[in-house]
Amino acid sequence: MKPAAFEYHSPTTAEEAVTLLAELGEEAKIIAGGQSLVPMLALRLAVFDHLVDLRRPAELRGIEVGPDSVRIGAGTTHATVGASPEIRRAVPLLSRATPLIGHFQIRNRGTIGGAIAHADAAGEYPAVAATLDAEIQTLSPRGRRTIAAAEFFTGMWSTALEPDEIVTAIRFPVRHGRSGFAIEEFARRTGDFAMAGATLAVQLDADSRISHCAIGLFGLAPTPVRARETEAELLGRPVAEVVAEDIGASATAGLHAIPADAHGSAEYRRRLGTAMVARAWRRAVQEACINGSPA
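Numbered continuously in UniProt numbering, the sequence shown closes out at residue 295.
Incorrect hints may appear among the rest.
Taking lysine to aspartate or glutamate and the EDC-like style, the derived pairs with C-alpha atoms no more than 20 Å apart in a straight line are [what the hints assert, rightly or not]:
#, residue 1, residue 2
1, 29, 7
2, 29, 16
3, 2, 53
4, 29, 15
5, 29, 162
Think of the hints as simulated: they come from the structure by calculation, not from any bench.
Could you build the full structure based on these sequences and the hints that come with them?
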């Protein structure tokens, strides 16, 4: 099939884009990389009278690395994120998640802002944003605002964005010291959406006790979620006393809206999630311990 007819708009600035959205109303839709929207248009699962393309505004692209945070423009492609040595050093979890997104053709066109705004519950970037307590920067005709990742994802493919608002950048905090990061996911084929996945960040103090822990889960709820009760229980514990399998079971125990479909039951996905958390825990802790070793 082919998309229904639409009028194409190509603004040169972000301000021009949000002005168009406000003028055109609900019949307009933003298109960034188009890797999610174009297939839906082609199958006529979505129909819009106007498409507002965000490829031209240069202000929406680029990577800015500071001592305590990294700001990535919403129009920056997955491939650019994955190839950046600065991101590999400052936000390793984001760098490691990138190769898991689709195929290289998708990563060459897809953008980080598009992935965040699309808010797929099985998507890697939304899970990383939630795990790292990222901040989503936005623009509308009313001005700019910053939304915490914990408040940004509101449901399946839905966010806190207003209809005339766009994502302009995502800010990721940088963790120093004895830190370790990992992402694990299970998909039936390379490039498929994950049936279950886990993102993990852990930090150890000088006595090898857990001073920070963040456990993200994706593909297991309508939005990416954090296992906050498990995280709280881990704080202050000697890392050597923690059993990975126990962490996996604890992290998935409180999930009550696990999807079920032809690919697997809710219980099957829970078991996958438990295993993914355990694997990610081992990898993240190993890295944190290595980072704390003498050179």
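A quick look at each hint next to the structure:
no.	hint	in the structure
1	29 to 7	holds, 11 Å
2	29 to 16	holds, 14 Å
3	2 to 53	holds, 19 Å
4	29 to 15	holds, 15 Å
5	29 to 162	holds, 12 Å
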